[in-house]
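Residue strings, one per chain:
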Amino acid sequence: MKVLKIVPERCTGCMRCELACSYEQTGAFQPSKSVIRVSAFEGHTSYSPYTCPQCDEGWCLTACPVEAISINAAGAKDVMDEACVGCKLCTIACPYGTIFYDPARHKAFKCDLCGGAPACVDVCPRAAILYEEAEVSDWVGPFAAERTHGPGGALTAEVK
Amino acid sequence: MSDSYAYAGQILRVDLSAGKTWADPFTPEDQRKYIGGAGLGAKILWEEVPPEVAWDDPGNRLIMATGPLAGLPIWGTGGLTVVTRGALTGGATNTNANGFFGANIKLCGYDALVLQGRSEGWVYVHIQDDRVELKDATHLLGKDTWETQQALESELGLSGHQLSVYSIGPAGENLVRFAAIQGDYGHVASKNGCGAVMGSKRVKAVVIERGGKGISVAHMKALYAAADEIAHNLQNDPSTKGLYLYGTLGGVRNLHGMGALPIRNYTTNVWPDGLETKKWEGPSLREGFDHRGHQCNACGMYHCHMQVISSGPHKGAIVDEPEYEGWSGAGWATGATEPSEVSWMNTQLDRACVDVNEWGWLCGWVMECQEKGYISESDLGFRLEWGDIEGANRLLQMISRREGMGDLLAEGVKRASEKVGGEAADCAIYTMKGDSPRGHDHRARWEEMLDTCTGGGGTMDTAPAVQPTEFGLPARIGAQDPDLVPLAVGTMRGRRHFEDSLGACVFTTRVRMEVLCRSIEAATGWDIRREEAMTAGRRTATLFRAFNLRCGIGPELERPSKRYGSTPVDGPLKGVSIMDQWEKMLDIWYETVGYDRATGRPTAETLAALDLEELIEPLWGKEAAARV
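Sequence order for the protein chains is A and B. When we follow our numbering, the leftmost residue of the first sequence carries the number 220, and every step to the right adds one. When we follow our numbering, the leftmost residue of the second sequence carries the number -17, and every step to the right adds one.
Source of the hints: derived by calculation from the structure; they are not laboratory data. Heads up, a few of these hints could be off.
Said to hold, decoys possible - As a list, the in silico BS3-like pairs of lysine-lysine whose alpha-carbon atoms are at most 30 angstroms apart: (1) B:Lys544 x B:Lys401; (2) A:Lys307 x B:Lys195; (3) B:Lys203 x A:Lys326; (4) A:Lys307 x A:Lys224; (5) B:Lys544 x B:Lys354; (6) B:Lys203 x A:Lys224; (7) B:Lys203 x B:Lys223; (8) A:Lys326 x B:Lys195; (9) A:Lys307 x A:Lys221; (10) A:Lys224 x B:Lys195; (11) B:Lys401 x B:Lys354; (12) B:Lys261 x B:Lys556; (13) A:Lys221 x B:Lys203; (14) B:Lys260 x B:Lys556.
Just so you know, these numbers come straight off a predicted model, no measurement behind them.
Turn these sequences into a full structure, and let the hints guide you.
Right, dumping it as structure tokens:
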């Protein structure tokens, strides 16, 4: 299936993906409600977005006691608001930390791939987020490890 | 969420003397009239800072404002504008930085922060949505700006852009008159000693958590269409393409070609023999380092980067890639010619936190004075030769802690050179108001010298014309044309003030005003066009001027210092003197902007046209006010 392929080396931390995503969630630019989130690594020199990898295991879907999470036409795990009771079990079950709870609406929320036209992909000025067929789901791991400990490359100096 | 689109609708107020915080409304009427940023700051400064309140008086206001585009998906919209009564000129300050300040404070629910009073002990202002606290900052004293941000990240458990920290370094704590405010690793509001004002209020930092609120806009699809159009123009317009690809790195080589690269305190305009000039081209300055994008809010420019020092004693150090102004102020003005050394020094200036332009003129002046024997080794405590980066850093640390001769030099190059006197006084670069010129040799850029000398915000006001054909000016204006230069500076006056009111970056607003206005219309729902935008900008410029006149800063000070206005001795402009044309240029500029040449005051007609009738009486008296 087509997934969000993340190329962290291209990300500059401009947070435009968070703005676009949050608009899809709330109708306002409100990054606290974005389901794609940018993290910083190694002294503000490296950034990467991170969001639901739409894992095969579907931990959130399996854990939901009221069957409020289904698979949408784009293949994304999707929370059905009318069924969600806000118990947060999905947020506990998810090993990726990419399903969230909105206390204002008392609902879980997560990436639904915008139904097949992801907004974050459209707005990224560096093409650091692509929407492509891929088997891989862990796009950030090796980058995060390298940019946190810096075993190779020149960027190993501690920022004093 | 606010009633009006694109704005948070609130101004956060902090009275440091009383330890009180509250929010005032930023009304829809004031939003439309003053826009935000510089415009909002000018209004507050005029209304709340009377002439008897000096820059270091608790009654002074430190206004940190953003504008309607901040936090939106238009490129480069994390804007911060600092407005205050400044320490160098004793007049108005309008100085800008980017990063994430504007986005993060608006997501907390505020369009601006206004600091007033003076705290008893050192504090930092911690803003977390509706919760605003003054917290003890004793443990942060003495830390540089990057150390301060790192310490607060650890303290608050937040990283990346979840936390914006805009702080002063040791220079601001010690009231160095050209101290700056730095934030988000490399973004500096630098002019007119705004950092000294923050220090005089005993505020070490303003700390903003990325807020939980939302920003709504009038027309979302039109906003993205306008953002895409701006991006497309920046990527393809010949006047901005270089900026898009390399930020301001191309400036060094281009300005040298014009005779506008300031080398060794304006003593020469020619590169030294044997210089590897290739190293100073934009692509080399970028690719010569391990570099990584470090963009501001929503920005797609290849502009701001972090880099790693590639060689020398500081190899491996992470620094902020210098802007042109850094290569110039931390480098060429002081005779330094090795990019990796200049780059390292540039970040030391951001960390101790002083204005890089004033630094260049001050350090270059000290170096020239030592060479010529006006300042002895025992006066300074050591020998400082042209291009000595380690010595320059030693001087920086002395100044930012006011140690030894650093105490005098901390007063800025105008005051220090006047105190030393004699021939040394003739070598210093400044305007008679006390502004720090930008990092060019303005003897080859007459528009900027005229602009800096007539400006009201602590450096140039208007800047070189952007998209001038939109204003009926020729596409290219000769940098030494005594008729067109003042006409262009006068005609464009207001555009930069408007840009500085938007919460955006001046490098991403370099498109036609009609395009920029479309983005504001989409965000706010206003049917705003170029005329309204320019009127708003000119209103802001005029408020700053009125404020300065009220502080006693008049047209008699609108000229360069002896060295600043001198005649180049070599290079492309050898023997060409701006001062021969100075009075003529002032005549044309005054006529164009609608100010009175003799008194410097905006005329009553100009004030009325700008919807500033309330200024007529304070500037011209009761009778004149009655006539309008």
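Cross-check of the supplied hints:
The straight-line distance between the Cα atoms of Lys544 of chain B and Lys401 of chain B is roughly 16 angstroms, inside the 30 angstroms bound, and the hint therefore holds. A distance of roughly 22 angstroms separates the Cα atoms of Lys307 of chain A and Lys195 of chain B; the hinted pair therefore holds under the 30 angstroms criterion. A distance of roughly 28 angstroms separates the Cα atoms of Lys203 of chain B and Lys326 of chain A; the hinted pair therefore holds under the 30 angstroms criterion. For a cut-off of 30 angstroms, the pair hint linking Lys307 of chain A to Lys224 of chain A stands: about 27 angstroms separates their Cα positions.
Distance hint between Lys544 of chain B and Lys354 of chain B is fulfilled; the C-alpha atoms sit about 17 angstroms from each other, no more than 30 angstroms. With a CA separation close to 25 angstroms, the supplied pair Lys203 of chain B and Lys224 of chain A stays within the 30 angstroms bound. With a C-alpha separation of about 26 angstroms, the suggested pair Lys203 of chain B and Lys223 of chain B falls inside the 30 angstroms cut-off, and the hint holds. Of the pairs offered as hints, the one joining Lys326 of chain A and Lys195 of chain B holds, with about 18 angstroms between alpha carbons and a cut-off of 30 angstroms not exceeded.
In summary, the hint linking Lys307 of chain A to Lys221 of chain A is supported, as the alpha carbons are separated by about 27 angstroms, within the 30 angstroms threshold. Note on Lys224 of chain A and Lys195 of chain B: the hinted pairing holds, with a Cα-Cα distance of about 29 angstroms set against a maximum of 30 angstroms. Simply put, Lys401 of chain B and Lys354 of chain B have alpha-carbon atoms about 17 angstroms apart, close enough for the 30 angstroms limit, and the pair holds. For the given pair, Lys261 of chain B sits about 26 angstroms from Lys556 of chain B by alpha-carbon distance, which is consistent with the 30 angstroms threshold.
The suggested pairing of Lys221 of chain A with Lys203 of chain B holds, with an alpha-carbon distance near 25 angstroms, which does not exceed 30 angstroms. This hinted pair checks out: Lys260 of chain B and Lys556 of chain B have alpha carbons roughly 24 angstroms apart, not beyond 30 angstroms.
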